[in-house]
Structure formats: C-alpha cells, structure tokens
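Protein chains in written order, with our numbering: chain D, 6 to 427; chain U, 6 to 427.
Just so you know, these hints were derived from the structure itself, not from any lab.
Just to be clear, a hint being listed does not mean it is correct.
One copy or any two copies: either way a pair holds, since identical chains are not told apart in the list.
[Said to hold, decoys possible] Listed below are the simulated DSS-like cross-link pairs for lysine-lysine, each with C-alpha atoms no more than 30 angstroms apart in a straight line:
#1 K62 <-> K120
#2 K78 <-> K427
#3 K62 <-> K33
#4 K62 <-> K241
#5 K365 <-> K427
#6 K288 <-> K427
#7 K153 <-> K365
#8 K67 <-> K241
#9 K67 <-> K120
#10 K288 <-> K194
#11 K241 <-> K288
#12 K393 <-> K100
#13 K153 <-> K427
#14 K381 <-> K100
#15 K33 <-> K365
#16 K194 <-> K153
#17 K120 <-> K33
#18 K100 <-> K48
2 protein chains.
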Amino acid sequence: MWLSIDPTSDFSIHNLPFGIFSTSKLPKRVGVALGTWIVDMAKLAELGAFGGLDFEKAVFEKEFLNDFMAAGKTARVGVRQVLQQIFEDPCSPFKALAADFLIPQKDTVLHLPVKVGDYTDFYSSEQHAFNVGAMFRDPQRALLPNWKHLPVAYHGRASSIFVSGTNFHRPKGQTCPDETQPPIFGPTKRLDIELEMATIIGTGNAIGDSISVDTAEDHVFGFVLFNDWSARDIQKWEYVPLGPFLAKNFFSSISPWVVTMEALAPFRVPAPEQNPEVLPYLKERNRLNFDVQLEVYLSPHSSLDVLHSSFDIPNSSFRICRSNFKNMYWTVAQQIAHHTVNGCNLNTGDVLASGTISGKEPDSFGSLLELTWGGKNPLTLPDGSVRKFVEDHDTVIIRGFAQKGEIRVGFGEVKTTILPAK
Amino acid sequence: MWLSIDPTSDFSIHNLPFGIFSTSKLPKRVGVALGTWIVDMAKLAELGAFGGLDFEKAVFEKEFLNDFMAAGKTARVGVRQVLQQIFEDPCSPFKALAADFLIPQKDTVLHLPVKVGDYTDFYSSEQHAFNVGAMFRDPQRALLPNWKHLPVAYHGRASSIFVSGTNFHRPKGQTCPDETQPPIFGPTKRLDIELEMATIIGTGNAIGDSISVDTAEDHVFGFVLFNDWSARDIQKWEYVPLGPFLAKNFFSSISPWVVTMEALAPFRVPAPEQNPEVLPYLKERNRLNFDVQLEVYLSPHSSLDVLHSSFDIPNSSFRICRSNFKNMYWTVAQQIAHHTVNGCNLNTGDVLASGTISGKEPDSFGSLLELTWGGKNPLTLPDGSVRKFVEDHDTVIIRGFAQKGEIRVGFGEVKTTILPAK
Chain D
6 MWLSIDPTSD
16 FSIHNLPFGI
26 FSTSKLPKRV
36 GVALGTWIVD
46 MAKLAELGAF
56 GGLDFEKAVF
66 EKEFLNDFMA
76 AGKTARVGVR
86 QVLQQIFEDP
96 CSPFKALAAD
106 FLIPQKDTVL
116 HLPVKVGDYT
126 DFYSSEQHAF
136 NVGAMFRDPQ
146 RALLPNWKHL
156 PVAYHGRASS
166 IFVSGTNFHR
176 PKGQTCPDET
186 QPPIFGPTKR
196 LDIELEMATI
206 IGTGNAIGDS
216 ISVDTAEDHV
226 FGFVLFNDWS
236 ARDIQKWEYV
246 PLGPFLAKNF
256 FSSISPWVVT
266 MEALAPFRVP
276 APEQNPEVLP
286 YLKERNRLNF
296 DVQLEVYLSP
306 HSSLDVLHSS
316 FDIPNSSFRI
326 CRSNFKNMYW
336 TVAQQIAHHT
346 VNGCNLNTGD
356 VLASGTISGK
366 EPDSFGSLLE
376 LTWGGKNPLT
386 LPDGSVRKFV
396 EDHDTVIIRG
406 FAQKGEIRVG
416 FGEVKTTILP
426 AK
Chain U
6 MWLSIDPTSD
16 FSIHNLPFGI
26 FSTSKLPKRV
36 GVALGTWIVD
46 MAKLAELGAF
56 GGLDFEKAVF
66 EKEFLNDFMA
76 AGKTARVGVR
86 QVLQQIFEDP
96 CSPFKALAAD
106 FLIPQKDTVL
116 HLPVKVGDYT
126 DFYSSEQHAF
136 NVGAMFRDPQ
146 RALLPNWKHL
156 PVAYHGRASS
166 IFVSGTNFHR
176 PKGQTCPDET
186 QPPIFGPTKR
196 LDIELEMATI
206 IGTGNAIGDS
216 ISVDTAEDHV
226 FGFVLFNDWS
236 ARDIQKWEYV
246 PLGPFLAKNF
256 FSSISPWVVT
266 MEALAPFRVP
276 APEQNPEVLP
286 YLKERNRLNF
296 DVQLEVYLSP
306 HSSLDVLHSS
316 FDIPNSSFRI
326 CRSNFKNMYW
336 TVAQQIAHHT
346 VNGCNLNTGD
356 VLASGTISGK
366 EPDSFGSLLE
376 LTWGGKNPLT
386 LPDGSVRKFV
396 EDHDTVIIRG
406 FAQKGEIRVG
416 FGEVKTTILP
426 AK
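Excised from the complex, chain D in its bound form:
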C-alpha cells in the first residue's frame, strides 16, 4: 500500500465501500472510501483505470449508485480488483496521479447512496420478536405461530429514508394513552431507535419470477447501517389490523457507504439452526450470517460540537447497546427468497432492512423499548442523564464493523439528531 491507512480505519483496502459524494467543485458522483480519503471514481475512470472492464463508465458520474449496481456482480468485483491493484502496486502508473482522484473525506459532502425503489422491513431477530411479544402479549406465547415458519415483514416508506447527518423534527400524531377516552394529538412521547442493517438490492427479478434461496445472495450489492426510527405511542394506537404506518414513515436513517458482499466475505459465520424445519423454498444448502459488530451511542442533549463532529464518536456520547448482525434467525438469502416466492419483483436500489437486531444479553437489545423494557427500567447514562426514550436534541449514532485479525471492514456510522416538534 502506497497510501497510508490507519489500521483502525473502517475503510481499509479490504473494504472499498461505494457511496455518493460532492465537493464545492464537483457535483454528486460515485466515490469509494479509503482511509481518510475518497476515491473519485469518475475521475479514475476518465484516467482509464477501468478500461479493461465491460460496463459503461458513465455510471460513476451519476447521482446514485443504481446504474453501477445494475451493471452487476462482475462489474463490482472487477472494480474492486482494479482498485486493490492500483493501491497495492508501488509502481502503479496511477500513483503519480493520486492528487487527481483522491479527495480528503473532510472536504466532501456525503449523500444518499441509492435511489430507493421499495423499502421492506423484516422482523428477523428472534430475541427482538420475543421481547416485543413478551412485553405486549405474554412471555409464554411471545412468538406468534407464524414467526418460525416465515420471515415476517411489512412494506415501509421509501421517500423518508435519509442519509446520516440529516436530522428531523420529533413527529406528531394520534395516540390513545387511555382507551376509555378519545385519542389525543401531539408530539410523540415515545420516540425510539431501531438498530438494523439493510440489504441493498443490486439486481432484481422480473414480475412473476422467484429468486431461489441458494442464488439469492447474487442479487445483493451490499449493506448499510439502518436506524428505523419509531414512535411507539403512535404505533400502539394505529397498528391494528394493517401494521405500522405513521409510527415509522416519518424518517429512517442510513449510513452513506454501501459495504459490498465481497468485502464481507471473510466474516461469514453459520446462522442459527432452525427448528421447526422450514419449508423447502426457505431451506439453504449453506446457512450463513455476517459477523458484524454493532454499537449504538446516545449523546444526551447534544452540544454543538457533537452536531458538527464528523465520524468520531464524541466524548459526550455513551454506548447504550452492543449487538451483532449474526443475531439473525432468518438470513438475508431467506428474506429475498421469501419476498419473491409469490412473484413479487425486486429492483435495483430496493432496501430490505433486517428488523431490530437484538442479542440475548440485555445490553444487546436494539431498541430503547427493549433496553428500558417499555420505559419501566430507564437507562441512567454516565453523565447522570436518564432516558426512557429519545429526547429532543439527543444525537443517536449507530456504528458497525467486522474485524478478523488485521482485516477490518467497517460501515462508518449513521448519526441523527432529534429536533423539537415543529
């Protein structure tokens, strides 16, 4: 490597995640994060780096990754190889041109990486489904009868998915704290996070076709961190019988860098055994999850330095959760196979979120609903702040990374600050 990268950087040469950036001089375009730099892919293409690869290089000049994603796995793998060759070869002819295509991340603005077609939210962590069922129904029958037979999911709102750093106002809505009285209207009192990962679909399927569980991963471009903001009081009142709506569709936050399937290949781990046995269309030859460590930080009533810091976790932030993407009962491949088994068409840019990822330990629960058990056990943070749910001016940061020996592949972060209700 002729480019110096800190070994603790999320953006190692093994990672090479794709995103969309702009600068004061350059319009939105495709970039690859590498250490503290962004590789300007349009510029590198212009310099001829990808001449040997068979896809339209103009995809790197677009405002979203979609056209590049649609070019498929061969293009993606080829581009990764070219980048690794360039940076690992001390005699690369591109080394002398580095100032042309390497831009310091601090001089850029990151944007929503994909044009989202449809957004689906799964419910695939057993511990999360158990916790919610135990809280709202009965610990003896916490999982509903269908839960272990199919990856439960619902459609979410695509238009309100925004990139890390975009903040939002506390949503207002109807709640009914006392069901013997009429509902009331006002800002949500139970604003919550949901720690999720999201699959970004690279190539889809035609209407009427299904994707088999063993080829499903070929359709995946990569993954981002996902915070599925939720208003629990609105949700409780509205969700029967057709599911969550305004409790979820006001805002969702994603991380700017899409980490590819190839970058995560070293971090595959066996997925939990499934009992009862699943139907044949969900049965995998090889059941694998991703060992990605996940952390949630909360910065109470964040000061301006938190709002303006970029990437580094500020001192006034406290970790409230540690979980792992491997805590998934239903794998990404099963989610895709199920989603399309009825002929539903997935498209490039679709987002399939995992659902809240909770582990078995109480500090691994992926929502405040679970961490505080519905507000009954508030969290006391090291600075003395007490939280049942998220308060105005709080900043929430999700981080994620995979590590194996020297190899580190990270997602960066997704950070959002809550502004008071309008």
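Model the placement of chain U on the given structure of chain D, informed by the hints.
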C-alpha cells in the same frame, strides 16, 4: 365540437384524462383520451398550442406523466382550457392539422401512466371494514377502536403496480389451513379482487412538513381505477402482527387514464357525517366525496376473444358488483392530511389507494371475500359458473364513470386475466 364523440363515451370533452401511449412509430409519450382518439400532446405542443402556458413543453415527451404532474395545477388547468378551446372552436387553426396530432386509440398501446414513488393503501370504506371485522372477529365489535378516529392505512408495494391489460400468474405462498399442523406451500386458493380508486399525487411536501386537510386537494393530480389483488389464505397466515405483505405485493392493476380533479369537479357530493368527531387536523371546512359509479365484471374462464377485446365489456362477462366512490367514510383530503401529519413526505407520482369500496347493499361489496362472505355463499353467474374466488383464466374488469345529465366523465377500465401458477 368539430370532433364527433359518442355521448356514451367515457372520454368526453369534459374529461380529458392524461395517460402514456406509444404506437409502432412513436415512442412513449403523453396523450389525452378524447372519444375514440388520443391527442398526441408532444405533437400538439410542437405545433405551438401551449405557447401561452408557462411550463417546459418537453414534459409531454416523457415516458411517465410525472414531470407534467410536477408542473402543478396551473399547468394542468391551462392545458385543459387550451384543449377545450381547440376542439370547441369550429375555426380553430388546429382543426386543419388534426391528422397530425389525433391518433386512433386502437392503433396505440397504453402504458403505466406514472412512475410510482411510494404506494399507500387505505382502508376507508366503513362497510368494507365492518364486513371484514364481522367475518374475522365479531359483528358486535366489527370496527376496531381506532377505525373512526383515523384513516387506517399501510404501505404497499410500488414495483408491482401494472397497467390494465397486463396479466399475471396465480401467486404461490405459505398458508396454514389447519393451525394445529405445519404450514403448507402452493398456489393461493383464495385469490381475490379489491375494488378501489387511487389518488395520484401531483405535488408533494417536504420531509417534516404537513399538508393541512383544507389544502390537501391542491396536491392531487387525479384518480385511476385500482384493483388491489389479494391472496386471502396467504394474508390470514402472514398478517399478524405487521400487516399484509406477500398476500398483496404480487400484483396490483391500474387503469391507464388519470382523470383529473378538474374533470371530477361537477361530481362532488357531501361525504358521510363523522361521529365521533375527529381531531382538529382531520376536520374539514367542506367534506366532499366524488360520485363515481363503479362496476366489477367477471368473465369466467375467458375465451381468447375476451383476452383480445379492448375496452368493450365482452358478452361473456357478468357484473358481480356495483359500488360508488362516494361510499368513503374518510375523504381523500383526510387521507392526505393524516399521511403527512407526522412530517412524512409525499412525492409526485405517489399512489394513495382508497381501500376496498363497499356500499351497504350486498351487491355493492367490493371483494369476493365479502360478496361470497368468505366463500360461504358462492356466486352463481348467468352462464352457470360458480365462484367463491377468482379462478385461473378468469378475467376481471373494473369500470368507473361519473354522469350528470349530458356530462359524462369515465375512467375506462382496468382489465386483468389470471394465468395459472408458474
């Protein structure tokens, strides 16, 4: 009128609905239906007809209506006025050029009129919600406690919305006919229609903003007929606790012509009184519905002539339902106000379906689930066919029209044939 239009035509000079068509010579572009003709709007713009209007005329050369819709109400109203002047003025200079911009509908192919961003399905007909609640729960408590306080809705799948004439294969999926046994997999046995109308959003709102109920209609471009195909057996097994997913997302059908707000203005009627009183954000100064007559026809095991007929109801089709868009407890304005009250952003091209529109009379129920009361009372059609749900090779046609004296404004039809499971 120098163009002869049959008085029974859905596409009178009062209507002027917008759609997307192509011919063997012309690529996809914007058209307006008029009698048995389509006005080639790109050509008419080229001839200078809209020179006095302040919007970019290239919107008529696009593959979807979205850019024209985004130009707003003033553009739409202006275009309607120009068209009415041209066809009502016997001395119009465009009369001599008619062969250039009028194309017989039979020589065209109609396409999906809008690029759908997000699709939301409401549940706004009281009789439908009551019927479903009575069937699955209890006639004494058929409506859930939230139903009269807010327009219940859920997010649907945008990618699987197709235009009339596109057929689909019976979907497969998990069902659990006997909950003491494991679920089974196969083609749905309870494929159903849902008779709906859908609002097409013309101009949206920014994230974090809300649209007030009294300005909500300014955001509507127009309406289409909507058949929200449903697999009742899949729905029953999957829908708790997060709502319908694979039971709905395999296919939805819409009519090709978007009938504008202005065309429907003569057909406004008071909406039902609401009791209990709704919260202030849902309270309208003037509560109005649309008097649009709706009909569903079923052509059992349709022969090829049905498949190939265009528009006219074939002799072998039988009307199984008559309903009316005025049967809405929650108005379109209330749906929009509710959808955005939490700051959720609507965009140009979003689709807000009404939910199944059932009236009080048993023959006005808008789904086979209700018409046959869950399959208990099968329909016997005039040719002796018996139907609980939709069978393979059946064709379903929804028609809709408004009529007041001589003024007729129709939606045409949405027609779909069911192909056997793949």
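Can you give the numbers of the hints that this structure goes against, from lowest to highest?
4, 5, 8, 12, 14, 15
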